[in-house]
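Since the structure of chain A is already known, use the hints to place chain B on it.
Each chain, written out:
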Amino acid sequence: MKRFMFPVVLALLLAIPTTTAFSADKILTIGVDQEAIGLDPNIVTAFSSHRRVDLLYNKLVRVDDKLSIVPDLALSWENPDNLTYVFKLRKGVKFHNGREMVAADVVYSLNRVLDPKTASPGRSYLATATAIEALDAYTVKIVLSGPLPSLLEGLASNNLAIVPQEVVEKEGNLQKVAVGTGPFMLQEWLPDNSMTLVKNPNYFEKGNPSLDKVIFRVIPEQASLYAGVKSGELDMATISQGAIILQALKDNTITVMRKPSINLRTFGFNNTRKPFDDVRVRQALALALDRTEIIKAAEFNMGQASGPLPVAVKLWAKDPASLPFARPDLAKAKKLLADAGLPNGFTFSIVTASSYEGGLDVAQVIQNQLAKIGVKVELDVVEWGVYIDRWVKRDFDAMVEIRGGSSDPDRFLYRTLHSTGGVNNFLFKDSDVDKLLDQGRSLTKVADRKPVYDKLQVMLTEKAPVIFLYSPMENQIMSKKVTGFKQVGNGSIYYLAETKISN
Amino acid sequence: MGRYIVRRLLSLIPVLLGVSIIVFFLVRLIPGSALQMYLGTQVETTPEQMVELKRLFGEDQPVPVLYVEWLGRILVGDFGHSLRTGRAVLPDLLSRLPLSLELTLMALALALVIGIPLGVLSSLRQKPLTDITIRVVGLLGLSLPQFWLAALMVLGFSGFRGWIPMGNFVSLWADPLKNLQMLFLPSLAIGIGLAAVIMRYTRNSMLEVLQSDYIRTAKAKGLKRWVVIGRHALRNAILPVITVAGFNVGYLLGGAIVIEEVFALPGMGRLALYAIYQRDYPVIQAIVLLIAALFVLVNLITDLIYATVDPRIRLDEKGR
Chain A
1 MKRFMFPVVL ALLLAIPTTT AFSADKILTI GVDQEAIGLD PNIVTAFSSH RRVDLLYNKL
61 VRVDDKLSIV PDLALSWENP DNLTYVFKLR KGVKFHNGRE MVAADVVYSL NRVLDPKTAS
121 PGRSYLATAT AIEALDAYTV KIVLSGPLPS LLEGLASNNL AIVPQEVVEK EGNLQKVAVG
181 TGPFMLQEWL PDNSMTLVKN PNYFEKGNPS LDKVIFRVIP EQASLYAGVK SGELDMATIS
241 QGAIILQALK DNTITVMRKP SINLRTFGFN NTRKPFDDVR VRQALALALD RTEIIKAAEF
301 NMGQASGPLP VAVKLWAKDP ASLPFARPDL AKAKKLLADA GLPNGFTFSI VTASSYEGGL
361 DVAQVIQNQL AKIGVKVELD VVEWGVYIDR WVKRDFDAMV EIRGGSSDPD RFLYRTLHST
421 GGVNNFLFKD SDVDKLLDQG RSLTKVADRK PVYDKLQVML TEKAPVIFLY SPMENQIMSK
481 KVTGFKQVGN GSIYYLAETK ISN
Chain B
1 MGRYIVRRLL SLIPVLLGVS IIVFFLVRLI PGSALQMYLG TQVETTPEQM VELKRLFGED
61 QPVPVLYVEW LGRILVGDFG HSLRTGRAVL PDLLSRLPLS LELTLMALAL ALVIGIPLGV
121 LSSLRQKPLT DITIRVVGLL GLSLPQFWLA ALMVLGFSGF RGWIPMGNFV SLWADPLKNL
181 QMLFLPSLAI GIGLAAVIMR YTRNSMLEVL QSDYIRTAKA KGLKRWVVIG RHALRNAILP
241 VITVAGFNVG YLLGGAIVIE EVFALPGMGR LALYAIYQRD YPVIQAIVLL IAALFVLVNL
301 ITDLIYATVD PRIRLDEKGR
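Chains as they are written, first to last, in this note's numbering: chain A, 1 to 503; chain B, 1 to 320.
Hints listed in this document are in silico derivations from the structure and should not be mistaken for laboratory results. Any given hint could turn out to be false.
Unchecked claim - Coverage of chain B stretches by chain A, computed from C-beta distances (three or more under 8 angstroms per stretch; other residues unrestricted):
| no. | region |
| --- | --- |
| 1 | 4 to 16 |
| 2 | 29 to 41 |
| 3 | 190 to 202 |
| 4 | 259 to 273 |
None of these values were measured; they are calculated from a predicted model. Positions of the beta carbon are idealized from the N, C-alpha and C atoms, including for glycine.
This is chain B alone, in the form it adopts within the complex:
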């Protein structure tokens, strides 16, 4: 197990290196530069000022040179400074990360809490009305764009004080109750699509498991209905659901970018969005790298959970 984890973590290095090259050169291919965005359309500059501005915005050197310099600094933990605000990138990023992670985890939790019971329910109730209702709701959840749902929530709940952050966000440790209240709607907007996916997987998987021999045996032994469903059926049916949920965590993090903007939450997603608008290269680069690393880590964690839940899976070669 330990060796497996080390090997997977080592594979992060080439992944991040590849991502760093792509993002560094790609963001500079987008028309418009940080300097242009800073000057906008209304500012006049003298030629001497332009020389100085180009130096300040790092436009006086070829991109490959800048890349090597940047990479060298990252190795010693310096992610540079924002071109717009002048603030150091890393502390800014790390101060925003907890909110985005909390949002992602809450969305995941909501998706599981909504998706699994509904999936189980729908697999047990083969009555057409219940089943069709749950499936239609599931399809809706899957098809509704997050940002649209979020905008509807803002409009619908705007009269309820405290449920929409309104730019006075409080962190989990400052006021847990208020924090959870504020994050409930945004998490729901992000998680509802995944809830639908999880519901469908749970339903299909349960239907399959419920047909198997050991369930019949369990029933024949006279076990209580909820024991059969909970301990025997669900435990086995849940495996593919874990995989799907794990793979989707990265997308939830992506969903946070849009939702943070709609709900005015000061998370990493919003930082990323403005960095892109303003071509703030150092910030974009750092965020993309961080998200890539998180993606790999989450996949690793999914695999580990999988191994714990399903004893048939051995992660170390030795075990085989």
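If we strip away everything but chain A, and leave its shape as in the complex, we get:
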């Protein structure tokens, strides 16, 4: 008899569910594919770090789910002229250490970003700022040396979050600790395993957050993330692979949220290399590409065709179908090539990487499509680190990339395509484009700026220094228990502050 008892007891032990502890706490477990690299909002560059900062810190302003600028720590603001901005702060906002956040903290934080010693990636958001001062405990003035219409959008960046001086000075930086004003506070961080955030009971938005805890779990495999939500071990996960989303869409036990992101998939050239220095060649390639087919084959339809401004930014983006070269025209493409002295096509290589950002799938479709006009493409598939190295050294004929767009056209287009632009790795220099970009930057009113950027979108598509293909979808999958979450479009998960979960 005894002999039979052992397996029975063992089986019973194994059958006991491991999560028996009952609690009334509202806990949301979110699966993410990458661990945060650090938590200092003014310093981090990794997407994974930004997603934690979303919940831990606040900025003067933030971007809402309609991609509009709305109050965050600043309740209101005015710009008496286009070189001066005055912000009125919320009163009674507390840092996680209990101290009140005041104007001096804003001055300290923004100056920290400006200080070269901080080496903040957010420095360029404040490019022309010359003075940041506290007029009183709840009023901050920013003075610029030149117009910067994207300033508000920049101030909405996590990199310009407001941090407490005493904690930075005590810890050296905020990479390992988190003392913000955000809806959640850091409780525990087990690197490469999990991070637990608890509700900030003093959060300034009354009634939020509704969740008591948010637990991040790092699971690198997208298929495992999906399996986790399906089995109930995860309540939510961010998914980038189209194939997985297709699977989830067929599954009626899971909620799938999709929204075109403000990122852009691009196919860009080194405009100083032959034959890409000839605009006719670039136009021919643009005319040979079929965006619909690319989105279908490389993204399982999880994308939306876009022009130079992300299609999700409705205020500024022109309808992609109304822009030149929106539809493929092979005959015209071949004629343009012949006019450029290349009637038999030519051969070039595309630098690509097998990671999602590196766009290997996209490059393969492009390879097939260009073959139809006699252009032979070699794929230079490299590891991600090598990819970045080639990008930095401008060592490529062409590259497939993901460009992080923004809700304001000035910042994105200026840095990407102005001849002095910080990330103009296409080495594109064109005086007409520069003129329009400078003009757009000098204006602050939407009505004045709109015609400039409309014209610019057409001009950039025609000159085709880089071909803007589409905006990938931002995808969240979640259990049916989760309600109230909203997608922003820039990857932010700030709306967990307004999310509810039922037990």
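Okay, now just chain B, sitting in the frame of chain A:
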């Protein structure tokens, strides 16, 4: 014996020195640097910021100078700080090591538990069907890539709560049962290849031993079958198996790198993988050094076990 161990441990020093030189210069030859990976493709910097960043990432000095500085600090036990997270390398590494070791040992145990009995069985059952089946299964185990097997396991077992860690790994001392449950599949994925190797060695070795005179004598004396096989045959047949298993422990540790990623286990392997992706030089260097040291130590332990099991082997010169 004691002197032998001391001598072997002393030989670690030149090995580690050689490894340190190779890894230090080699990781810097890979295109892309920690600073480039940090900045990615979307960040703009001013020239003043670049000066500061280069200083922070140690790119303002020639590599040989950095090497000497690094070596000097290691001698006092300071392995530096991660370029990405800013955390001290050594505590991070040591906190990850137990999981990887546990995974490796579990994989080894599974390989032995699966491999030896199957090998013995296959050597005894000369019936074609049993033998061929075991040999085919063995060949499969040997040929299937670990990562593929692991991915299949994740898919196949995703419906079973608790068997896939899902980023909520618990350590052995926190909850032994759950820990072993979580590590079972990953260990199996790592160990199955070695199980196949061990099975084949056991089978061949047993076949040879079973032909020898003393086995015939033992049988003739009328000993029970299991005593002949267990005490007389296996004890002798196991020697080459120990050598093979010992040499493979290092490879199991390497297998852990890939498997930890697939199963989302926060071990040293995963730390190594991300350090390589991000060109986090101090972390890569420390891990490679640690693995090299472990490799040497495991080989030493194998030799010691060998000497214990086989009385003919004497490790000290004096004994000869």
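Verification of the supplied hints:
1. 4 to 16: Not satisfied, violated; 0 residues make the cut.
2. 29 to 41: Coverage by chain A holds for the region 29 to 41 of chain B (10 residues, Cβ < 8 angstroms).
3. 190 to 202: Result for this restraint: violated, n = 0.
4. 259 to 273: The restraint on the region 259 to 273 of chain B holds, since 6 of its residues have a Cβ under 8 angstroms from chain A and three suffice.
Violated hints, listed in ascending order, are 1 and 3; each of the other numbered hints is respected by the structure.
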